[in-house]
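*Asks:* Chains as they are written, first to last, in the numbering used here: chain V, 654 to 906; chain F, 254 to 1079; chain Y, 13 to 434.
If you're looking for bench data, these hints aren't it; they were derived computationally from the structure. Some hints could be false.
[As the list claims (entries may be wrong)] Coverage of chain Y stretches by chain V, computed from C-beta distances (three or more under 8 Å per stretch; other residues unrestricted):
#, stretch
1, 57 to 66
2, 69 to 80
3, 126 to 135
4, 206 to 218
5, 360 to 372
[To be verified] DEER-style ranges, computed between Cβ atoms:
#, chain 1, residue 1, chain 2, residue 2, range
6, Y, Pro302, V, Pro895, 51 to 59 Å
7, F, Lys902, V, Lys766, 58 to 66 Å
8, Y, Trp138, F, Arg374, 56 to 64 Å
9, F, Arg606, V, Asp831, 38 to 46 Å
10, F, Glu834, Y, Thr374, 54 to 62 Å
11, F, Gln995, V, Lys766, 29 to 37 Å
12, V, Asp831, F, Glu881, 26 to 34 Å
Just so you know, even glycine gets a beta-carbon here, dropped at the ideal spot from N, CA and C.
One-letter residues, chain by chain:
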Amino acid sequence: MAKWGMVIDLDKCTGCQACTTACSMENNTLPGESWQDVLFYHEGEYPSAQMKWLPRPCMQCENPSCVHVCPTRATYKDPDAGGIVFVDWNKCIGCKYCMIACPYGVRFYADEKPLIEPDIREAYPSENGQLWSPPYQNPDEDWQRGIGIQPPGVVSKCTFCYHKVKHAPEGVADLDEDNPEVKEYVPACVRTCAPKARYFGDLDNPESQVNQLIGDRHGVRLKDHTGNRPQVYYLGAGAGVPAFTPADREHDA
Amino acid sequence: MKLFQTLLDRRRFLQSSAVVGATAGAAGVTGLTGLAQAPQARAQTPRGETVVTKSICAQCPARCGIDVYTTDGRVHAIYGDTGNPIANGKLCPKGHLGSYFLYDPDRFKGPMRRTNPNKGRDEDPGFVPISWDEALDMVAERLNGLRDRGESHRFAHFYGRGWGASDAGLYGDFGKLYGTPNSAIGHASMCAEGSKRAKRATDGNDSYNSYDYRNTNYLLIMGASFLEAFRPYNNVMQMWGHMRSKSPKTRVTCVDVRMNPTMAAADRALYIKPGTDGAFALAVAHVILTEGLWDKEFVGDFYQASGRFISGETIPVDSFEENWVHGLTEWWNQELKNRTPEWAEEITSIPARHIRQTAIEFGSTRPAVALFERGPTGHTNGTYNGMAIHALNALVGSLFAKGGLGYQMGVPYGALPVNADDYLDDYARDGAWKDQPRIDMARTERWPMTSHMMQETGPNHLAGDPYKLDTAMFFYTNPIWTAPDPKVWEEAFKDVFVIDTSPFPGETAMYADLILPDSTYLERLQDSPTYPFEGWPMTALRVPAVEPIYDTRHFGDILIGIGKRLNGPAGEYYRELDSVENVLRHRAAGFAENPGDNGVNDFESWKEKGVWYKKPYHWRLERGRFYEWGGLDYNLQMSPEEVKAKLFKTPSGKFEFKSGFLEEHAAYIEREMGIPAERVGLIQWVEPQHSGGNGDLYFVTPKTPLHAEGRGANVPHNIAIHQPIVGGRDTVYLEVHPRTAQERGIRNGDRVRITSDLGSIEAECRFVAGHRPDTLVLPFEFGHWAQGRWAKGRGPGHSGEVTANVSDPISGLASYYTGKVKLERA
Amino acid sequence: MNMSMKDRKTRTQANVLQGPLGWGLLVASGIVLLASLAFALIQLMVNGHTSFNTGSTLPWGQPIATYLYFALASSGLGLIASLPLVFGFKQYYPVAKRCIFLAFIVLISGMAVLALELGNVFRMLWAIPLNLQVQSAMFWMGVFYALDLLFLLWKFSKLQGGEWDSKTAKQVGIASFIGVLLASGNLALIFGMMSMRPFWFDALLPIYFYFTGVTSGVAALVFFIYLAHGFQRERMPPALKALLTGALPKLFAALIGGTLLFITVRAITGLYSNNPEINLVWTDYLFASPLYNASLLLGLLLPFVVMLSASLRNSVGVQVLVACLVFLGLFAERFYFVVGGQVVPMFRGTWEPGLISYTPSTTEWSLTFIGISLCFVLYLLGEKFLNLGDMPRHMAEAPAGAPAAGAPAAGAPAAGAQANTA
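If we strip away everything but chain V, and leave its shape as in the complex, we get (with noise of 0.2 Å):
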């Protein structure tokens, strides 16, 4: 079985959030569940200022707290999927201690008040257990991998978009979107990412072009001190990410 990991080139991504609006809406989260969300930072003054900005899908980490939080094993690594975490919405209590646990702020739980008002889920109102139902939903949905729209109560997160990825080609090395072939296999963030800033494959193939991208251009992986080991990795500049600073404190004379 492959392990699916993704290479995220910080060098090619030009910040315009295409990955943000393709994951939300093939995977129907409410405006700001971003399950791919891209930070922008500032730093330094004019006229030598830098501004960066960090995708930020679920790692998909090899050794993931937030699985071993779960009281109820709703939140798993499924090594029979290449190593994706899900969460089960069947299990999952709603106690948001993976949310905790996450290292990377990347699990939502959006019965929340609602980002933008009116509250979207007025306007399209739930149907059939589900938290909201818009009319554009996918059609896939596998509650036991939190895919789908999810009932009220529950955690959900990135899922590496399995319920396209599910139906790669055993043996495959790289999903590459510009392959006719798999394309249709493809998360949406990759498939959609116009400088092609994003690799999909498989980490347990050296010959992956993903396993290649990160020996030639020496991938980083976030935050690697927590030793969570994601299977997504950055190049380029930018990988680094700044300690956490109020904006109010940036400007400090």
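Place chains F and Y on chain V using the hints.
*Replies:* For chains F and Y alone, coordinates are given in the frame of chain V:
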């Protein structure tokens, strides 16, 4: 013990009713109300039959081909079309949100008539549904009546995004047949007309450029928001990924007035004082010449090997042999010789050494492209700014070169089944309307060099000069909100019979007497020749993914429907034209002789593939010579006459540093801009005239990547991520340099007031230390007073309300980015 | 028999909560409970958890802090009860039964709050036991608190049956003591093991939780004892009176001091550290909050200073006031502990320009009120029907001030307390 048990039971009961109640209420039934059924409640569900339809995105001018995924009649996913040369399977952030346009809960569900005669922000139009027949009869009756009274010129069409032959393409014939000079008034002068006019004035092409980014080694980007809004955005980003990882890597210098993604991602970011881009470009040109870096094969050279351009010194007349350029000697002697980097530093605030470095890099890296858009041109000196930048492309020989820039070729469409000239009655041919100017006064003595002046319509109508409009029909434009100083429009359009065709409740719709809702783009059959892209011809087709889900119609069919009801031969013309589909079938007939590279040769194959295109671009500059495509290679060398006819459509047939087009209007330019008539043709530095009164801060209102043809403000997912660079999660913030704010006692996050001589708006501010301290940035998106449940009342005040209606006299482009304002805590 | 009947009658008169006041308070707290419960249920039915001000960036808010407060107060009460029942500090016998009872109902109340906070509470009942995720501290929290609850109930039933010193009672007492340690220690590790949340990450957090838990337990105990006796020490049986003027206030003072010490060293560590995920919590959140500062000064420092004075700490008014202040102070401490671990965003970025702000919503407050009022209702019922002031007969019959029969001669705190009262 029993008591505890009772208490426990009671608690459990209460909790269980809470959970059940909660789920049965707004939150819905969870499928976990019982303990047993939950585990097997939701496993994988089988996928229904999914159909993929070829369409075109409609959220910006780029026209990306899209694959629309529909299952059981519901659209649920949109991805880029792999077979579309712009999209190549990719999309920008807007594209995926297209389903919202189809399922927008605020959409108009059918034609409606106004019942409240009063118009204004707080007036409920009191719309009541009517049938399409009633609606179209009502319009026709109105138009026929006007025509009978000899006042047909008082009917005007307004449009923003015209897509192609099946919608805006029908306007010209409508005006001709019905008899109005106002079919149609486009929004170009509120869009990006400045760059088109700068190119018209220099190389004779009144157009945006096509670019060969794939082979470019240097990009000088000036005020174009390249990685946010430069079209085709999606493809631009694809090319960015390519340029930044190819060998050699394309080097990028970005010149802009604010920190933005392009500045952040460029190799060199230069912050320029708003409106002074021309000075920067002139200094770059100056250095290219003094350093001897110009392309001698394209530009020409001194007759004598000892010839040099030396700062501050003229060159002898007739010492320089011009090849494909015109007026270089005059340009140098009368303008450029003193435009040193040190001179430009004073004006632009960019240090001379950066200007010099940029010039040396730009002049010594081939191919190099200088591109620009509204940043430099959105000022009173916009055309001159644009010309100065475009001149750099000439100096390094990039026009029509590999890795350079060109112009877009047209599509070999078939003819319509009818020719409007055969359906003209006497009135159409020679009626009173023929003597009337356009309501916006474009192409008249007042604005002789413009094509459209939509922003003038409101004020002109209010003043009754040249006349009062009677009826106005809007398609894909919302000037009652988007025009500079829109409150004038709000006043002006109270007594005009307004017909809006937008599917959505925008501000213009709130003024409408009649709503004739267009279908949304996923429901439409519509052609769309490409915007300038890579030069070779291409036209995509929107194929409906679903039938209209409400009682709406394609705008083209609405127009044809009105046409059919016109009296006289015009009605006959439209009955022959019949429908949009008929129009498109005839257009597609042109493909039979010109099958596309993807095999598209008729209407059916066009529908199947979604796009017709035929590579390559037909012209190529190589080593100072122009060649035309001969079928296998660029092997047909072109004569100067052919170059003049096809490529440099200027009076001289060359690239003009001394513009013949401007000299034709010397008196007008001298009058409007105070430039001596004999100098107007020169590409030169002209001081911008900033509007807004005596404010001390520049105010710029850029569009972000999520500006979705004006609908972004009503798309929740769009609102949630609209302004990522300062975290605009459900609003947009005023971006301000912290020092500027602190000097005014403003803290990060404070509510502030932005004031020009037109009035004030309020916003929340966020600090961006990367911005120029003298420049405020407020992305243009929110501040609507209509537009839908999410847009209405959201965010800061509308920037248009502090933006004066001032335009570049040459291009007519509204100077949206030239205002000066004051800032204070609200 | 006759004697004991008479005794009971005396005590009945002594306990004001068995009279009309008890009924009045029961009705009052019942109304608060019903009102807050009705409000919370309606909110949860209509709006679900959108009626909370927690969210994906700050998932644990005041309901979790309330649960934590109650769970630790319960543990504290359990630990106090084990002083006489396990370790033989016999002068604590007069409060043992009340402690066990309070520990039980406080835990029940906390769990009620937690139940309303969870996304799918009933799923827990099968999902936790069926999946046996032994890696999860929260799994063990379920196990240990279930055991804790069971042992408390068992223990209480022993005391209710008058079994103070039987072998089984001892064994259950020891089991309960261990259960309490495991439950609250494990609860501490739920936070303390989170290395990605440096404000919490601390191997010694269980000690801090034990300490503060006992402190809040004593505060609750003191308050409820006085409430039961109409805030009049004269109504109390001599042995209880002796405890309240002897060992207990000293213990209370020491506990408050210890709590302050813990907070101080945590604050010093946090302020010293460069790590913004700890440092900013102290500089920009905790010490920037007037409420937090007030809770420290008025809720802990002032009570500690007052309790240092031998004359003041034995006064009824001071003891009640200190109990209330510490009660509130430690509630704030729990709140700021839970929220403080989450206020620094996981990543720098424009989406979260400052610390994550959180103020509990009305619904979240209503959960807190449910906890408090449920606690009161259960307590008042207990006082009414379960004779919480009961103690071994030899204690009850001992004259006031006299050393209780069987008191360990070498018990240091006990000895000190006696010396003091003497």
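*Asks:* Find the hints from earlier in the document that the structure breaks and name them by number, from lowest to highest.
*Replies:* 6
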